[in-house]
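Undergrad: Those protein sequences? They're chains A and B, same order as listed.
Going by my numbering, the first sequence wraps up at 233, each residue one higher than the last.
Going by my numbering, the second sequence wraps up at 175, each residue one higher than the last.
Hints listed in this document are in silico derivations from the structure and should not be mistaken for laboratory results.
On a predicted model such as this, the values are computed, not experimentally measured, just so you know.
Built from N, CA and C at the ideal position, the CB exists for glycine as well.
Check the hints yourself; a few may be wrong.
Going by beta-carbon spacing under 10 angstroms, a handful of chain A positions derived as facing chain B [said to hold, decoys possible]:
1. His56
2. Ser57
3. Asp102
4. Asn228
5. Ser233
Capping the alpha-carbon separation at 35 angstroms, the derived lysine-lysine pairs in DSBU-like fashion look like this [to be verified]:
6. A/Lys195 to A/Lys117
7. A/Lys168 to A/Lys141
8. B/Lys107 to A/Lys195
9. B/Lys91 to A/Lys196
10. A/Lys168 to A/Lys213
11. B/Lys167 to B/Lys153
12. A/Lys168 to B/Lys91
13. B/Lys91 to A/Lys165
14. B/Lys151 to A/Lys195
15. B/Lys107 to A/Lys169
16. A/Lys169 to B/Lys61
17. B/Lys91 to B/Lys61
18. A/Lys117 to B/Lys107
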Amino acid sequence: MKKIHIIIISVITLLIISGAFILSCLASLHSVSFIVKQPNLTVSVYTKSNKAKINSFTSDRFSLSLPKGDYHYVIDGKNIDGNAINFNVDKSDITINIDPDYSSAYLSSLLATEKDSILSVIKNTYPAIISNYTISGAKLFKKGEWYGAVIRQIVDPRSTADQYRVILKKENGKWVMIHYPEIVVTKINFPNVPIEVLTAVNDLNFS
Amino acid sequence: MTIRKKILLGLLFCTIIFGSYFISQFLYKLDKTLVNISAQPDTSKISINGSIINHGEIYLKPGKYQISISKDGYYEYRKTYEISNQTVNISAVLNPEPDKKLYYLIHSDQYNNVIAKYPIINKLPYDNFLIKIDYSDDSTLNSLKLSVKSYEGYRQAVITKIKQWGYNPAEFNIEFKDYENPFKL
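Isolated chain A (complex conformation) (with noise of 0.2 angstroms):
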């Protein structure tokens, strides 16, 4: 064999294999579409190992070409709280809705706006047995259009009474009760409340 077909062979083999390597980088890439659901957010996206930010939009759509791996994103916005959400892209392309909750600090705020009607349709609803029950550990959930609190009869100071959890919900601007209160919250007795929202209304406490 001569050294001008050696060469030649080698040249080939060698674009042959850089072929195959840029082609199975470019194959690991995937694209994850960012579809952000409210305005005047700003969402960075940074890798989870070294945390290393990757980029950051404000428009409500934005995509990456990512590798493989985890990552996590973090929304900057007027009262919402700045977690770092994670997630991962692996053998297919990827959709994630942005659409964050209220911080808690803003939902605090928002609850004292709120408290009155709230409590005058939970009053409205049991006028004749309120008057023997403390509501406490009132919050709001998600967007504000959820309200958990605790209730509790008020007994003797050495007796005990159970405590009941309730759970309103704000529709077309009027606070609405959606079940009688209920000791343990569960999508069984309410089918239509986000699992999150029963989930944190059963962590409240009486105080």
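Based on the hints, put chain B in the right spot on chain A.
TA: Chain B in isolation, oriented as in the chain A frame:
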């Protein structure tokens, strides 16, 4: 050997392989009748005279055959067929059995399936004098209901207990015994 000869030899080899396959198939089907068996659910187990077949299509020699179609949770379909020389189409829709009570499943060979679906059962029954937690008598594999017996003022302890076990109380159907909700309208 020239390239032309190699190609010809390759073609001859392929022809022999494919030809043998088609001839053997032809000979296999020669004195047999096609029987098509379809079943719902399509993951049902089909057996002919006790031998399980992998596919719903089979060639059988004329004669009497007992065909059985079964699946866990469904009533078995079993019928004897007289197969002649004409193609036979058998179609069966299995009827589901009523839900078996969890108690019987736990005390049967279904135990591992029950625990895989409801690992919380490993913690039951729980009794600490103030609160008793168990699965209710009417629980089935499709519907687990936790039965809680406690005293006034201690019933909410079920939330803490289920959380301690690593589960979310909001995911369960929980029924309190000897109790009436004062807020139930």
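Undergrad: A separate judgement is required for each hint: does it hold in the structure or not?
TA: Tested hints:
1. For A/His56, the interface hint is violated, since its Cβ never comes within 10 angstroms of a Cβ in chain B; the closest pair sits about 31 angstroms apart.
2. Of the supplied interface hints, the one on A/Ser57 is violated, with its beta-carbon coming no nearer than about 33 angstroms to a beta-carbon of chain B, more than 10 angstroms.
3. Given the 10 angstroms rule on beta carbons, the hint for A/Asp102 is violated: about 30 angstroms separates it from the nearest Cβ of chain B.
4. With its C-beta approaching chain B no nearer than about 5 angstroms, A/Asn228 sits inside the 10 angstroms limit, and its interface hint holds.
5. At its closest, the beta carbon of A/Ser233 sits 14 angstroms from a beta carbon of chain B; the interface hint therefore is violated under the 10 angstroms criterion.
6. Among the hinted pairs, A/Lys195 with A/Lys117 is inconsistent with the structure: their alpha-carbon atoms are about 39 angstroms apart, more than 35 angstroms.
7. Distance restraint check for A/Lys168 and A/Lys141: the Cα-Cα separation of roughly 16 angstroms lies within the 35 angstroms cut-off, and the hinted pair is therefore satisfied.
8. Between B/Lys107 and A/Lys195 the CA atoms are separated by roughly 32 angstroms; this keeps the pair inside 35 angstroms, and the hint holds.
9. Distance restraint check for B/Lys91 and A/Lys196: the Cα-Cα separation of roughly 40 angstroms exceeds the 35 angstroms cut-off, and the hinted pair is therefore not satisfied.
10. Under the criterion of a C-alpha separation no larger than 35 angstroms, the hint pairing A/Lys168 with A/Lys213 is consistent with the structure, at around 17 angstroms.
11. The straight-line distance between the Cα atoms of B/Lys167 and B/Lys153 is roughly 20 angstroms, inside the 35 angstroms bound, and the hint therefore holds.
12. Using a Cα cut-off of 35 angstroms, the hinted pair A/Lys168 and B/Lys91 is violated, with the two alpha carbons roughly 39 angstroms apart.
13. Simply put, B/Lys91 and A/Lys165 have alpha-carbon atoms about 40 angstroms apart, too far for the 35 angstroms limit, and the pair is violated.
14. Distance check on the hinted pair: B/Lys151 and A/Lys195 sit about 28 angstroms apart at the alpha-carbon level, within 35 angstroms; holds.
15. Under the criterion of a C-alpha separation no larger than 35 angstroms, the hint pairing B/Lys107 with A/Lys169 is consistent with the structure, at around 34 angstroms.
16. Annotation: proposed proximity of A/Lys169 to B/Lys61 is violated, straight-line Cα distance about 47 angstroms (limit 35 angstroms).
17. Between B/Lys91 and B/Lys61 the alpha-carbon distance is near 18 angstroms, which keeps this suggested pair within the 35 angstroms criterion.
18. Distance check on the hinted pair: A/Lys117 and B/Lys107 sit about 28 angstroms apart at the alpha-carbon level, within 35 angstroms; holds.
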